[in-house]
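Take the sequences, apply the hints, and build the full model.
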Amino acid sequence: MNKPEREATVRQLMERTPPQVPPELYADVLRRGGRMLRRRRAARRLMWLLLWSAVVAFTVWALMAHPWVEPPSETTPPLTGW
Amino acid sequence: MRERQASQGARRAREFEAFVAGAAGRLLHAATLLTAEAPDDNPRARRLLTLSLAHTYACWDRLRGEDPYDRARQYLATRFARTAWHQYGGLGRARPHPGSPLGALVPQERLIVVLRLYEGVAEEQAAALLGLSTERVRAICERSTATLLHPPRGPAPKVAGAEVVPS
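First to last, the protein sequences are chains A and B.
In terms of numbering that gives the first Met the number 0, the first sequence opens at residue 0 and continues consecutively.
In terms of numbering that gives the first Met the number 0, the second sequence opens at residue 0 and continues consecutively.
Careful: at least some of the hints might be erroneous.
Said to hold, decoys possible - 20 Å max Cα-Cα, derived SDA-like pairs, lysine to any residue: (1) Lys2(A) x Ala121(B); (2) Lys2(A) x Arg70(B); (3) Lys2(A) x Asp40(B); (4) Lys2(A) x Glu134(B); (5) Lys2(A) x Arg142(B); (6) Lys2(A) x Thr133(B); (7) Lys2(A) x Ala145(B); (8) Lys2(A) x Phe18(B); (9) Lys2(A) x Pro150(B); (10) Lys2(A) x Ala5(B); (11) Lys2(A) x Arg137(B); (12) Lys2(A) x Met13(A); (13) Lys2(A) x Glu118(B); (14) Lys2(A) x Gly119(B); (15) Lys2(A) x Gly8(B); (16) Lys2(A) x Thr77(B); (17) Lys2(A) x Glu14(A); (18) Lys2(A) x Arg61(B); (19) Lys2(A) x His149(B).
Bear in mind the hints are in silico, worked out from the structure with no lab data behind them.
This is how it looks when you write it as structure tokens:
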């Protein structure tokens, strides 16, 4: 028996007795799939919320602290009186 | 906006229902072959199918022209590959049902035989899906075919019987 014949025999072996699809399957799939979708949506919203609050917090801190301004020197005494 | 969302939801539900009506039978057959359960008593295959269809439902809007059947089958195969080792491990748990056509094979062999011969997935695609090399997939497929046609211990005329039965 060559390879195509063997594969055809195995296919025949597998094609016998197809199982019946249970009627409640569709409702079950919708329930699970809907739950999965809602969870993903909630996770995405939470992520955006976190990102947004981080951006706001950074902006407020930067406006208060002005990190781009050079701090006044503390090692050299101010040059006065000449 | 809300109306558009509702109509989109209705269309999506219709499309998905049509998809399930068309694909569930074949996918359930494939899942039952994978889990090596009896056709009329297949709780694990049903669970596998429910999970893969639910996954397809959840990413239905992001398919962008991709075949949903392909997506469901991929999920089914990878989930089976991931969970098979502890479901079919020792302790005599979940022995293959004697009536199952692929009961003589181990889970990985079943997976490859179902993907290659029952579903007709190309060797390269099956290899990429399972993270194996193409040669290995071919070797496993040929070995499993040989095991199925010439069972190591058991009545030899089983093959002849299978050929006589009209399908």
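Okay, the hints, checked on the actual structure:
1. Lys2(A) x Ala121(B): 16 Å, holds
2. Lys2(A) x Arg70(B): Not satisfied, since the Cα-Cα distance of roughly 29 Å exceeds 20 Å.
3. Lys2(A) x Asp40(B): 33 Å, violated
4. Lys2(A) x Glu134(B): 16 Å, holds
5. Lys2(A) x Arg142(B): 12 Å, holds
6. Lys2(A) x Thr133(B): With a Cα-Cα distance of about 17 Å, the restraint between Lys2(A) and Thr133(B) holds, given a limit of 20 Å.
7. Lys2(A) x Ala145(B): Distance of about 10 Å is within 20 Å: holds.
8. Lys2(A) x Phe18(B): 34 Å, violated
9. Lys2(A) x Pro150(B): Given that 20 Å is the threshold and the Cα spacing comes to 17 Å, the pair holds.
10. Lys2(A) x Ala5(B): At roughly 53 Å apart (the allowed maximum being 20 Å), Ala5(B) and Lys2(A) break the hint.
11. Lys2(A) x Arg137(B): With a Cα-Cα distance of about 12 Å, the restraint between Lys2(A) and Arg137(B) holds, given a limit of 20 Å.
12. Lys2(A) x Met13(A): Given that 20 Å is the threshold and the Cα spacing comes to 17 Å, the pair holds.
13. Lys2(A) x Glu118(B): 17 Å, holds
14. Lys2(A) x Gly119(B): Since the Cα atoms of Lys2(A) and Gly119(B) sit roughly 15 Å apart, the hinted pair holds (cutoff 20 Å).
15. Lys2(A) x Gly8(B): 48 Å, violated
16. Lys2(A) x Thr77(B): Between Lys2(A) and Thr77(B) the Cα gap is close to 27 Å, so the pair fails against 20 Å, i.e. violated.
17. Lys2(A) x Glu14(A): Holds: Lys2(A) and Glu14(A) sit about 18 Å apart, inside 20 Å.
18. Lys2(A) x Arg61(B): Given pair Lys2(A), Arg61(B) is violated - Cα atoms ~40 Å apart, limit 20 Å.
19. Lys2(A) x His149(B): 14 Å, holds
Violated hints for the displayed structure, listed by number in ascending order: 2, 3, 8, 10, 15, 16, 18.
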